[in-house]
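**Q** Chains as they are written, first to last, in this note's numbering: chain A, 5 to 419; chain B, 5 to 419.
Hints are not guaranteed to be accurate.
Identical copies go unnamed one by one, so any copy, or any two together, can satisfy a pair.
Stated by the list, open to error - Subject to a maximum C-alpha distance of 25 Å in a straight line, what follows is the list of computed SDA-like cross-link-like pairs (lysine to any residue): (1) Lys110 to Arg246; (2) Lys16 to Gly327; (3) Lys152 to Asp167; (4) Lys284 to Ala81; (5) Lys110 to Pro95; (6) Lys101 to Leu382; (7) Lys65 to Arg20; (8) Lys284 to Arg418; (9) Lys10 to Gly316; (10) Lys101 to Glu170.
None of these hints come from the bench; they were simulated from the model.
Here the structure is a predicted model, which is why all the values come from computation and not from measurement.
There are 2 protein chains.
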Amino acid sequence: MTALEKQGLAAKNAERVLAVAGQERKDTALLTIADALMARREEWLSANAADLAAARAGGMKESMLDRLALDEGRIAAIAEGVRQVAALPDPVGQVVKTATRPNGLKLEQRRVPLGVIGIIYEARPNVTVDAAALCLKAGNACILRGGKEAFRSNRAAVDILRDALESVGLPRDCVALVEDTSRESANEMMNLTRYLDVLIPRGGAGLIRSVVQNARVPVIRTGEGVCHIYVHAKADLPMAARILYNAKCSRPSVCNAAECVLVDEEVAAEFLPLAWEQLKEKNVALHADAAARAILPWADPAGEEDWDREYGDYQLAVKVVTGSEEAVDFIARHGTGHSEAIVTGDADVARWFMDRVDAAAVYVNASTRFTDGFEFGLGAEIGISTQKLHARGPMGLEELTGTKYLIYGAGQVRE
Amino acid sequence: MTALEKQGLAAKNAERVLAVAGQERKDTALLTIADALMARREEWLSANAADLAAARAGGMKESMLDRLALDEGRIAAIAEGVRQVAALPDPVGQVVKTATRPNGLKLEQRRVPLGVIGIIYEARPNVTVDAAALCLKAGNACILRGGKEAFRSNRAAVDILRDALESVGLPRDCVALVEDTSRESANEMMNLTRYLDVLIPRGGAGLIRSVVQNARVPVIRTGEGVCHIYVHAKADLPMAARILYNAKCSRPSVCNAAECVLVDEEVAAEFLPLAWEQLKEKNVALHADAAARAILPWADPAGEEDWDREYGDYQLAVKVVTGSEEAVDFIARHGTGHSEAIVTGDADVARWFMDRVDAAAVYVNASTRFTDGFEFGLGAEIGISTQKLHARGPMGLEELTGTKYLIYGAGQVRE
């Protein structure tokens, strides 16, 4: 058995205990974890300081260093996040539906944990705790494989988590950290079908594509967002400009940020200058088609590749369309199925658009930035699913469960 | 573009029409299909006769020839199955949940089709129509790849289906048949992530394992069943014998048939001879551990491999256990997560067992043979999922849909 297989088997066994632990025990564990993260923060900070020093020496750039760094405030926020997960209702054991069949069999479909969840992520130590807390609350064991730059931080966090679990009588192996951060260990994990029920990659597009490409364990695809704002001819144009500015500029690095605006030709000459008044505050670089450049001559010409780019930055693709048919077709070709918005005053057009656009979240007259577990009222999320199977959109606790049928008989046999 | 990519693109476009076609149009299409299958049955039968002649000449064995064969009665039953699908409620458009957020955003989570579904199956021409009908009703286009021995039959059926779709104004490409039945086309299909949203293999364990192993398209794993009947010390033993006989012998080739009986040592000497009284009627071959062979000396000794075998035949593995702990551990190691049953008069033990056994369906005092869409009241099924993501157990129409969020705003932007 490899080291990872041993962790897999241990997690499987731990999960059988956790699956029937009950809400009270799990919440006690989470609150104990939150307290322990605070009580042992010096230990966590010093491990993080070692990671940061090594990363700095290795030439990691400033924005990445910022993602890797912990401080007192961040640790307090992470611990508070764990307490919030403890306060959420437990989906495990919920009855989804019941039926009594003509032969007297009683059926009950009940929520159960998914099992053992693998999480592959990059150098963000907060993910270690956030993901583990959500998995635990939904009764799942987890095997975490973070980026090698954060290994010392993750090791310290997982030690704290495992000690806290043990202190409340739950198996330490409900949470495990992959020790080997090589590419080989990631590949082994992607093929650990015997022990992993699900694999969730969290990180950039490259990581997610690699996991989807190589995994045999069922994957939940998250966080790829080429989102559009479509400004219809009957839009309230100042509202459209505000929504576009918010969707592009409020946090351009996240997956629910807009990457492309589509505007009806009928209102392009009026809308685009209005939008630019706001976008220019952030020096947003525009990549525009010819019709849009005729209105905004300072925009760069867009190439075909711009329609599929997730800039993650103050950059925006701009295209003039003939109407909602073209907008919907364009989104079908270039969207990633994350979040799409129409701005229009025409309820019929809105309905038509919403019926036809195939995405996790389709908005009328609101910013795509709302696609988020907290904003949807689901609480913390493990990611935003852009696939169609199992869960779509923000994945909260319920989406970290599956179901099983319980059937109560009195000796029934099938004819 | 390859032939399959062309079919994929055409299916994607057809699906966009089908997704918003509405229940009435889809039901009309299904009823037209049922009528057309009857009206053109000579055409279908003669294609099937050609398949049968070739298969016979190729030395196909009798049980396989029987699966391949159509006749008037079978066609009538298939057409009737399509009418039953038409009569089921349409899951598409159903509102799963709604919420109004403090900022005034109105959320609606709505059922939508999954998209384009690939089905890879063996030489059973009835699957062609059954699967297409279920996909159509749930608003999904489908690309069908049946076994090469049934190609002429499948071609004839798909022609009838496509003509019927066209006659009611729906795109022919809602249903497509893969022309190339080579292994290469199967591999290409498993990697057609651009056009296929889901892949469902239907057939034997070898087919399913190959798809799970090779596919990059998300797969729904169905129909692997190593099911157990656990006879607890407090079982009504005659009831347990009836349940075991039914679970093993009523249709041994199907996935919800039992493959192994576990019996508490306390009642083994009484139960096993009682069970044998019935099992011997079908000359069931027993593969038993030493403790069971001490009671049934004519049983073969079981090897380790017997605990993992899906016999699909009149064969049964037999093991004596010390109690429910051992039974649950054994099922965790050797079950496939399909259907598991306990026979007991003790409700506490039943609850304990049902909480701990991780399977699509867990029974108390009933035969595992009930795991089936019709028996569960879901109507026709596309398969029985043994995975945890998305759907578990019989997959009816609802399980052939996903969801999306529709969000209605009035200009909201995120802080």
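**Q** Indicate, hint by hint, whether the structure satisfies it.
**A** Structure-based check of all given hints:
For a Cα distance limit of 25 Å, the shortest separation of Lys110 from Arg246 across copies, 19 Å, qualifies, whereas the shortest one inside one copy, 54 Å, does not. For the identical chains of this complex, Lys16 and Gly327 are inter-copy neighbours only, at 21 Å across copies versus 53 Å inside a copy, given an alpha-carbon limit of 25 Å. In the homo-oligomer, the alpha carbons of Lys152 and Asp167 lie at most 25 Å apart inside one protomer (23 Å), although the nearest pairing across protomers, at 58 Å, exceeds that limit. In this homomeric assembly, Lys284 and Ala81 never come within 25 Å of each other (Cα to Cα): the closest approach is 33 Å inside a single copy and 67 Å across copies.
Taking the shortest Cα distances, Lys110 and Pro95 sit within 25 Å of each other both inside one copy (22 Å) and across copies (23 Å). Taking the shortest alpha-carbon separations for Lys101 and Leu382, both the intra-copy value of 21 Å and the inter-copy value of 12 Å come in at or below 25 Å. Within a single copy, Lys65 and Arg20 get their C-alpha atoms no closer than 42 Å, and across copies no closer than 44 Å, so neither meets the 25 Å cut-off. In the homo-oligomer, the alpha carbons of Lys284 and Arg418 lie at most 25 Å apart only across protomers (19 Å), although the nearest pairing inside one protomer, at 71 Å, exceeds that limit.
Taking the shortest Cα distances, Lys10 and Gly316 never come within 25 Å of each other, neither inside one copy (39 Å) nor across copies (33 Å). Neither within a single protomer nor between protomers do Lys101 and Glu170 lie at most 25 Å apart by alpha-carbon distance, with minima of 35 Å and 38 Å respectively.
Taken one by one, the earlier hints fail for this structure at numbers 4, 7, 9 and 10, listed in ascending order.
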